[in-house]
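**Student:** Listed here are the chains, written in short residue letters.
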Amino acid sequence: SQTIHQWPATLVQPVGSPLSLECTVEGTSNPNLYWYRQAAGRGLQLLFYSVGIGQISSEVPQNLSASRPQDRQFILSSKKLLLSDSGFYLCAWSRRQGLEQYFGPGTRLTVT
Amino acid sequence: EDQVTQSPEALRLQEGESSSLNCSYTVSGLRGLFWYRQDPGKGPEFLFTLYSAGEEKEKERLKATLTKKESFLHITAPKPEDSATYLCAVYQAGTALIFGKGTTLSVSS
Numbered sequence: 181s182q183t184i185h186q187w188p189a190t191l192v193q194p195v196g197s198p199l200s201l202e203c204t205v206e207g208t209s210n211p212n213l214y215w216y217r218q219a220a221g222r223g224l225q226l227l228f229y230s231v232g233i234g235q236i237s238s239e240v241p242q243n244l245s246a247s248r249p250q251d252r253q254f255i256l257s258s259k260k261l262l263l264s265d266s267g268f269y270l271c272a273w274s275r276r277q278g279l280e281q282y283f284g285p286g287t288r289l290t291v292t
Numbered sequence: 002e003d004q005v006t007q008s009p010e011a012l013r014l015q016e017g018e019s020s021s022l023n024c025s026y027t028v029s030g031l032r033g034l035f036w037y038r039q040d041p042g043k044g045p046e047f048l049f050t051l052y053s054a055g056e057e058k059e060k061e062r063l064k065a066t067l068t069k070k071e072s073f074l075h076i077t078a079p080k081p082e083d084s085a086t087y088l089c090a091v092y093q094a095g096t097a098l099i100f101g102k103g104t105t106l107s108v109s110s
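Residue numbers (the working numbering), protein chains in the order written: chain A, 181 to 292; chain B, 2 to 110.
If you are wondering where the hints come from, they were derived from the structure by calculation, not from laboratory data. Careful, some of the hints might be misleading.
Here are the simulated lysine-lysine pairs, DSBU-like style, with alpha carbons at most 30 Å apart [what the hints assert, rightly or not]: (1) B:K43 to A:K260; (2) B:K60 to B:K102; (3) A:K259 to B:K43; (4) A:K260 to B:K102; (5) B:K58 to B:K43.
Derived CB-CB ranges, DEER-like [stated by the list, open to error]: (6) A:P198 to B:S110: 40 to 50 Å; (7) A:V231 to B:F47: 12 to 22 Å; (8) B:D3 to A:Q235: 37 to 47 Å; (9) A:S247 to B:E18: 47 to 57 Å; (10) B:R62 to A:S245: 22 to 32 Å; (11) B:R32 to A:Q225: 14 to 24 Å; (12) A:Q225 to B:G95: 15 to 25 Å; (13) A:G221 to B:E57: 22 to 32 Å; (14) A:A220 to B:E82: 20 to 30 Å.
Reference excerpt, derived from the structure (chain A facing chain B, CB under 10 Å, subset only) [claimed, not checked]: (15) W187; (16) L191; (17) T208; (18) N210; (19) Y216; (20) R222; (21) L226; (22) G267; (23) G278; (24) E280; (25) Q281.
For each residue, glycine too, the CB sits at the ideal point set by N, CA and C.
Chain B on its own, in the form it takes in the complex (with noise of 0.2 Å):
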């Protein structure tokens, strides 16, 4: 069973059409929730840390939240330049960072 899971797996977008992608997690006791942007061929990006549940973190058209369950990176009037894989991994105290599988994200003009 998968700790981290993401959702959707893909989302196509028009340009400017703001959405939302989910990052539910299953860990107990989490010790920090990270976001992570990768395009193709290239390393991941580190763009958020959330910490407690509440917590919201904001860059450009990016905003993250988190609650005791799930977070959510919602993007707000996206580009063609935000098009992207979205990584979220989670903490859990004396653990290895566990990532899910990501969203891929396709904005169109």
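Next comes chain A alone, as it looks inside the complex (with noise of 0.2 Å):
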């Protein structure tokens, strides 16, 4: 079966500190990963997306970036985080576009 880890699961940090945050997914090969951001009464906003390694593909301008360096590993990054990066972040996984997606357990970020 698959499995999907997020780490850390929560973290708090300075604003204009650096950010990663990684998503590793179990038990399958060359899945499609994202990356998204929910925030209160704001719904589940996709940041990144990516059907390979090194591609990515951005939904939202804004300072944070992600990397796909392995087949099954997924990073979101910053350079210096803004008090507005703070919310909940999810990955998620699914076998192709368009199929469900299957979420991690989330990583609760809050900028201080």
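Using the hints, put the two standalone chains together into the complex.
**Tutor:** Quick look at the structure:
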């Protein structure tokens, strides 16, 4: 069976500090991978998605970036965090575009 | 304008009181509609996929249905453990999933 991991589970970072969130998937190969941010009252916002190693598409301009160094690893980064980056970050995978996505447990980020 | 609208935003039920959640969408060329359950502080859990009008899926006390403009999630004789936020998402060819803002269901005993 497939499993998706995210870490850390919670993170408190000062404004201007860097960020690195990691997501890994087990039990499948060549998955589509996604990063979402969920803010209260605003629903799930797609940030990045990837259909393969080194292939990243950005949905929303921002100070965040994503990388996919390995087939089942997806990383969300920032060089300098803003207060507005606070939120619940979710990683998800699917077998291909348009099929159901399976979500990880999420990372709660608070920027102070 | 939201392409996926869920109603109501919040719903309170007594245990055993059946009801329905609505997800209406305005996208054309729907290629799939997805229902998820999300517990506080956790990632969404996949429930159902519906592909064409008239299709129905069931799981325990939940049944999802689809028409050309909306989907319903029917909850029959709910229990307190059914309390969660239910999310709807649609897929339009060539785009990412578009999520609604969810309906928060509270079931009291």
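**Student:** Sort out which numbered hints this structure fails and list those numbers smallest first.
**Tutor:** 8, 10, 15, 16, 17, 18 and 22
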